[in-house]
Amino acid sequence: MAQHRDLPAGLMSQLFVNNGNSSFSEFVGRHAPDLLPARGEALATPVGDQVPHATTIVAATCAGGVVMAGDRRATSGNVISQRDIEKVFRTDDYSCMGIAGTASTGIEMARLYRVELEHYEKMEGRTLSVAGKANRLATMIRGNLAMAMQGLVVVPLFAAYDPERDSGRIFSYDVAGGPYERDKFDAIGSGSIFARGSLKKLYRENASADDIVTTVIQALYDAADDDSATGGPDVTRKIWPIVSVIDAEGFRRLSDEQVAGVVQRMLEDRMISPDGPIAPLR
Amino acid sequence: MRDKADYARKGIARGRSVVVLQYVDGILFVAPNPSRALHKVSEIYDRIGFAAVGRYNEFEELRLGGIRYADINGYTYDRTDVTGRGLANLYASNLGRIFTESIKSLEVEVVVAEVGDTADGDAIYRLTFDGSVFDEHGFAAMGGQAEAVATRLKERYREGMTLAEALEVALAALTEPGGERPPANQLEVAVLDRNREHRKFQRLAGPRLERLLPAAQAPAASEDEDSPPTAPAPGAGDGTE
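Going down the list, the protein sequences come from chains A and B.
For the first sequence, the positions run 1 to 282 when our numbering is used.
For the second sequence, the positions run 283 to 523 when our numbering is used.
Take the hints with a grain of salt, since some may be wrong.
[To be verified] Pairwise CB distance ranges, derived in the manner of DEER restraints:
#1 B:Gly-442 <-> A:Pro-277: 22 to 32 Å
#2 B:Ala-446 <-> A:Arg-126: 45 to 55 Å
#3 B:Ala-319 <-> A:Pro-277: 24 to 34 Å
#4 B:Thr-362 <-> A:Pro-280: 48 to 58 Å
#5 B:Ala-319 <-> A:Glu-164: 35 to 45 Å
#6 B:Gly-442 <-> A:Asp-234: 41 to 51 Å
#7 A:Glu-249 <-> B:Ala-446: 19 to 29 Å
#8 B:Arg-485 <-> A:Arg-265: 55 to 65 Å
[To be verified] To spell it out: a stretch of chain B is covered by chain A in this simulated footprint if at least three of its residues, at any positions, have a beta carbon under 8 Å from a beta carbon of chain A; those stretches are:
#9 320 to 328
#10 458 to 469
Honestly, the hints are just simulated from the structure, not real lab data.
For every residue, glycine included, the Cβ atom is placed at its ideal position computed from N, Cα and C.
Okay, chain A solo, but in the shape it has when bound (with noise of 0.2 Å):
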C-alpha cells in the first residue's frame, strides 16, 4: 500500500529534517550514497575499453541563444555499441548538458543533475543562477573523480540561456571538475579535436539560431568524418544528430523532421565538395 516503504532504509526518518540545504545530491550523499552513480568500491581492474562509451558533443551561441548537438554513436573498443544513443539532456527549462566518456555513468549524472537543479528550485522557489549551476555540476563530476582513475570517465558540456545577460552560455569540465566557460564554442569527446577545426572557421559571432544549427551539424559531420568512434548522420536507418536550442523561450529539441532538412541540406553540399564549405582567406 504505501510505496515509500520500499525507499532506501534510513531514508524515512529524515524526509522531514530540515538539514539547511536544499541540495538533492547531498541529501542523497549522506542517507543513501549507493543511489549515486559509479560510488561503489574500487574495481579491481579498470574497465575501460568494456563498457560503452559516448563519443562527441558540440556546442555554439548564438544571437540571443546557444545551440547543442551531439552524434549518436556508443562504442566500446572498436565496435559499435549503439548507433541511436541520445547524449544531450535537457536538464531545466533553460539549461542543458551533453555527456562524453562512460555512457551510463554519464546518462546517470545527467538524471542526477536535472533532479538537482529542480529540487533546488522547488525548495528555494527560485532558479539557480547560471554560475550556480555550472557549479553545481563541477562538483557532481569531482565526486565521480575516483571512477575516473578506474576508467569510468565522463565529462559534461554544460549550455544555458543565461536571462540576465539574455544569451546563451557554454562551460565545460575535465575529469576533475571545473566549469572553464568558453565564449564562443566548446566540443568534448573523442571528436572534439575535429569538431573544435571546423566550428574555428565555420563559427559567426551573433548568427541565428538556424544558422548556428547548421553550423555545429556540419562540425558534426567533420568529426566523424577523421574520427571513427563520432557517428555520421545515419541516412538509411534516418537517425539524425540530437540539435538543442535554448533561448528566451527556453529549451527546445528540434524535430527529426528539422534535423534531417539540414542534414539533407549539407549533404548535397558535401556530395560536389566532401570536405565541406571553405572558409575565407582573407
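Put chain B on the given structure of chain A with help from the hints.
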C-alpha cells in the same frame, strides 16, 4: 486528545480559506494571500501540486519533506512512479504520528492534487491535522470558514469548466455573500495543466491572471497594474495565515 483536536481546529479556522478544484485542462488552486514570498500553493513534482492552510512553518516543513520524498522516488525508480497517492500516504502517516505522539498536533490542513492524462485520472486528496485522508471529487476547500466555502463551491461547481469559469467559481466560493472579492495582487493562483510538457505546475500572476479574472474585476485590476507593487501585508509572516 480532544483538546488537541480543538486547538488544531481553532488554529486552522483562524486563517483564510484555500480552494482546489478541477477544470477542463487540470486542477486549479486559488488562495487569497497578500504575500508574494510565503506561498500556500506549491509544486511538488511533475504532476503533483500542494496547497495548505494553517501555520506556515509547519506546512512548509511538510512541503519540503514532500519534495524530498518525490524527488528521491523519481530518481530511484522513474519519474512516472511518483504518485499523489504515495505522497498523501506519507503525509497521512506523518500527521497521524505527530497527532498521537506529540503534545501539540500540527495546525495544518493540506491538499495533495495530482493531474492525470484525462480528467478521470485527476486526484485531489485532502488531509487533516490528525492524518485523516479524504479523497475529494472535483473540489476541496479548507481553512477559515471551510464549511461555508465548501457549500458555496458545491453549489457552483460543475464538470468540464474552462479555466476562467473555474476561477470565477473559486472566487465566488471564497467570497462571503455581499463581501468584496480580493484583487488580483492579493491572490495566489496556480494550475496543474495536463497540456504542459514536463512539469505541469504553473503559477498564474500579473497580467495573465488579470485577463482571466471575471469582467466585474477588470477595472479594479487595471488600476492595480499602474500602482507600484505593494509590500506584503504586515501580518503575512505571523505564521497563522
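### Message
Which constraints among the numbered hints does this structure fail? Numbers only, ascending.
### Response
The structure conflicts with hints 1, 2, 3, 5, 8 and 10, although it agrees with all the remaining ones.
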